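Those sequence lines, one after another, are chains V and Y.
When we follow the numbering used here, the leftmost residue of the first sequence carries the number 1, and every step to the right adds one.
When we follow the numbering used here, the leftmost residue of the second sequence carries the number 1, and every step to the right adds one.
Hints listed in this document are in silico derivations from the structure and should not be mistaken for laboratory results.
There could be a bad hint or two in this list.
As the list claims (entries may be wrong) - Below, in silico cross-link-like pairs of lysine-lysine (DSS-like), each with a Cα-Cα straight-line distance of 30 Å or less:
no., chain 1, residue 1, chain 2, residue 2
1, Y, Lys159, Y, Lys71
2, Y, Lys185, Y, Lys71
3, Y, Lys185, V, Lys274
4, V, Lys274, Y, Lys159
5, V, Lys274, Y, Lys71
6, Y, Lys159, Y, Lys185
Claimed, not checked - Computed far set for chain Y versus chain V, every beta-carbon distance over 10 Å:
no., residue
7, Leu48
8, Ile54
9, Phe58
10, Phe119
11, Ser120
12, Asp162
13, Ala164
14, Ala165
15, Ala166
16, Ala170
17, Ser235
Unchecked claim - Computed, partial: chain Y to chain V, Cβ under 7 Å:
no., residue
18, Ile50
19, Ile62
20, Leu66
21, Leu67
22, Pro72
23, Tyr78
24, Tyr80
25, Leu81
26, Ile88
27, Ser89
28, Leu91
29, Ala92
30, Leu95
31, Ser99
32, Ala234
33, Ser238
Predicted model only: the values in this text are computed from it and were never measured.
All C-beta atoms in this analysis are idealised placements derived from N, C-alpha and C, irrespective of residue type, glycine included.
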Amino acid sequence: MTTGTRTPVPVDLAPLRSYRRRRGLLQVACVIISAFMAVPIYLIAVAAFSTRAGLNQFPQPFYPANFGTETMSTFLSSTGITAGFINSMTVGIGTLLLSSLVGAPAGYAIARYMFRGKDSYQLFLLFTRALPIVVLSVPLARVFLAAQIYDRPVAVILLHSALALPTTILITSSVFLAVPVDAEEAARIFGCTPVGAFMRVVLPLALPGMAAASIFTFVMSWNEVLGATILTFSQRTLPAQVLSSLADSPLAYRFAGGLVLVIPALIFIAIMRKYLLNMWGTTIR
Amino acid sequence: MLFLFAYPMVEGIRAGFTSDLTGALTLDNWGRMVNDPYFTRAVRNTLLLIVVVIPVQFLFAIIMALLLQAKPRGTALYFYLWAIPLAISDLAAGLVWLSIFADQGYLNSVLVGFGLQPFSWLSYQSPGTQFLAVAMAEVWRATSLVLVIIVSGMQGIPKDYDEAAAVLGANYWQRLRHITLPLLKPSLQVALILRTILAFQTFAVAQALTGESFPLLVGETYRWYSALNNSNVASVYSLVIMAISMITAVAYLRILRDQSRQVAK
Chain V
1 MTTGTRTPVP VDLAPLRSYR RRRGLLQVAC VIISAFMAVP IYLIAVAAFS
51 TRAGLNQFPQ PFYPANFGTE TMSTFLSSTG ITAGFINSMT VGIGTLLLSS
101 LVGAPAGYAI ARYMFRGKDS YQLFLLFTRA LPIVVLSVPL ARVFLAAQIY
151 DRPVAVILLH SALALPTTIL ITSSVFLAVP VDAEEAARIF GCTPVGAFMR
201 VVLPLALPGM AAASIFTFVM SWNEVLGATI LTFSQRTLPA QVLSSLADSP
251 LAYRFAGGLV LVIPALIFIA IMRKYLLNMW GTTIR
Chain Y
1 MLFLFAYPMV EGIRAGFTSD LTGALTLDNW GRMVNDPYFT RAVRNTLLLI
51 VVVIPVQFLF AIIMALLLQA KPRGTALYFY LWAIPLAISD LAAGLVWLSI
101 FADQGYLNSV LVGFGLQPFS WLSYQSPGTQ FLAVAMAEVW RATSLVLVII
151 VSGMQGIPKD YDEAAAVLGA NYWQRLRHIT LPLLKPSLQV ALILRTILAF
201 QTFAVAQALT GESFPLLVGE TYRWYSALNN SNVASVYSLV IMAISMITAV
251 AYLRILRDQS RQVAK
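Next comes chain V alone, as it looks inside the complex:
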């Protein structure tokens, strides 16, 4: 009874407990949402790496019980997939180069020289981004037919650049805004030409943001289906190829195609995580 001589100070544990409970609930909620986001991707990966016999099994096992690369390799070796991959790459890189070459100077101009009508120009850019792709691609298909570049990667590059330019300009202008003018002026004072100052001071500082913008452009081009399908006939990009052979292809083909189209997204977001918020945050206002 030695401890009984002093009355213990009553500690109110209720707030601590409710705090712990709330943190616990928070984690549970986050895990549930993450499961909703991640499980479909996991499932398509399992489906794409099942053997054909495994895919016909019912009920489907939820773990790779029938692991096999048969489905995947059949998809990869079917007609138009390799060519589609090469076309997608060509179009993606072409779009990236063209839209950076045109978009970066425009973004720089908006950021540095606050020319008149800047607000309305930004509004216009937002509207062009809102323009449905079909609206552009159906008439463009006629134009390209007349110009004899229909069904070539160049046609798709032109369309995708037009679609990507508004975004590229907005992102690059916000990137250049983040580079302090003082640094550029200091370089000028020390005897740089305007071009020199741009190349030696502004460009290195702006490069990470520009890289983010161009990856964004690439992914947009990689994902775009409708315009690419309308503008090509035999020289399909990868998604266009998958879409146009969708109706008459077995489920295995579709699952493998789905996974192949998802993988770049995983890599893209992993690289871009840091820039995502900045990009959307600053460009959109």
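Given the coordinates of chain V, assemble chain Y onto it according to the supplied hints.
The following block gives chain Y in isolation, referenced to the frame of chain V:
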């Protein structure tokens, strides 16, 4: 820019009003579009999808952003997982959900596991579940865009307001209602306009999940252009889509601006 935007638009308007056989000015294409049995269903499906999906996405995205705001352990990982669908095309999203909703897919496997009857979710005989599947895939795919915009908007709000309100005794819901949401309004507005306009362009999801039996406006444009080989009617469709999305965007801007003016008064 002029060549790639203005010219196609003029050309598209012209194509919509000319006959594909004679080249004369005509309204026939409009008649063909409206009388097509798929047209009304496409309009209805598209609008219904927007009305159902967008509020769900916003509710979801706001909840997700608030959860991230509370900084649970592993925030970075959660944000990565939740942002992945941002880079997934709608075709890929449709194919991903196809593996779940297909007749021998994972959803039916779960049902059988619980001793229930499997159900043909994507059959044209049950438009209700078709709609459900497409809506599900859309919520999964496009909530991340709203999330990213809202999270970046939240980071722009100074913590001081929230703390001041907390000191003055406002509880969590009051702070959310009177501090966070009003300050978030510009971001929500942008997200709303962008999402709605993009939602009008949804089509590959439905194409991948249900084929032709769940028509959407853009899907119909594609069908008229490629399967039926009539680019004039396709142009009419694209003009309709453009008109609806422009009207919606302008209406949003009007309504939201009027509200903010009233608040200012």
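Status of the hints after comparison with the structure:
1. Y:Lys159 / Y:Lys71: holds, 14 Å
2. Y:Lys185 / Y:Lys71: With a Cα-Cα distance of about 22 Å, the restraint between Lys185 of chain Y and Lys71 of chain Y holds, given a limit of 30 Å.
3. Y:Lys185 / V:Lys274: holds, 24 Å
4. V:Lys274 / Y:Lys159: Holds - the C-alpha atoms of Lys159 of chain Y and Lys274 of chain V are around 21 Å apart, at most 30 Å.
5. V:Lys274 / Y:Lys71: holds, 17 Å
6. Y:Lys159 / Y:Lys185: At roughly 16 Å apart (the allowed maximum being 30 Å), Lys185 of chain Y and Lys159 of chain Y satisfy the hint.
7. Leu48: At about 19 Å from chain V, Leu48 of chain Y clears the 10 Å cut-off, so the statement holds.
8. Ile54: Since the minimum Cβ distance to chain V is about 15 Å, Ile54 of chain Y lies beyond 10 Å and the statement holds.
9. Phe58: holds, 15 Å
10. Phe119: holds, 13 Å
11. Ser120: Answer for Ser120 of chain Y: holds, closest chain V Cβ roughly 13 Å.
12. Asp162: Consistent with the label, Asp162 of chain Y stays out of reach of chain V, its closest Cβ about 17 Å off (over 10 Å).
13. Ala164: Given a closest Cβ separation of 22 Å, the condition holds.
14. Ala165: holds, 19 Å
15. Ala166: holds, 15 Å
16. Ala170: Non-interface label stands for Ala170 of chain Y: nearest chain V Cβ at 17 Å, farther than 10 Å.
17. Ser235: violated, 5 Å
18. Ile50: violated, 14 Å
19. Ile62: violated, 12 Å
20. Leu66: violated, 10 Å
21. Leu67: Constraint on Leu67 of chain Y satisfied, holds at 6 Å.
22. Pro72: At 5 Å from the nearest chain V Cβ, Pro72 of chain Y passes the 7 Å test, so the hint holds.
23. Tyr78: holds, 5 Å
24. Tyr80: Hint on Tyr80 of chain Y: holds, closest Cβ of chain V at ~6 Å, below 7 Å.
25. Leu81: Holds, because the Cβ-Cβ distance from Leu81 of chain Y to chain V comes to roughly 5 Å (cut-off 7 Å).
26. Ile88: holds, 4 Å
27. Ser89: This interface hint holds because 3 Å falls under the 7 Å limit.
28. Leu91: Since the shortest Cβ distance to chain V is 5 Å, the answer is holds.
29. Ala92: holds, 4 Å
30. Leu95: holds, 3 Å
31. Ser99: Since the shortest Cβ distance to chain V is 5 Å, the answer is holds.
32. Ala234: holds, 5 Å
33. Ser238: holds, 4 Å
The earlier numbered hints that this structure contradicts are 17, 18, 19 and 20.
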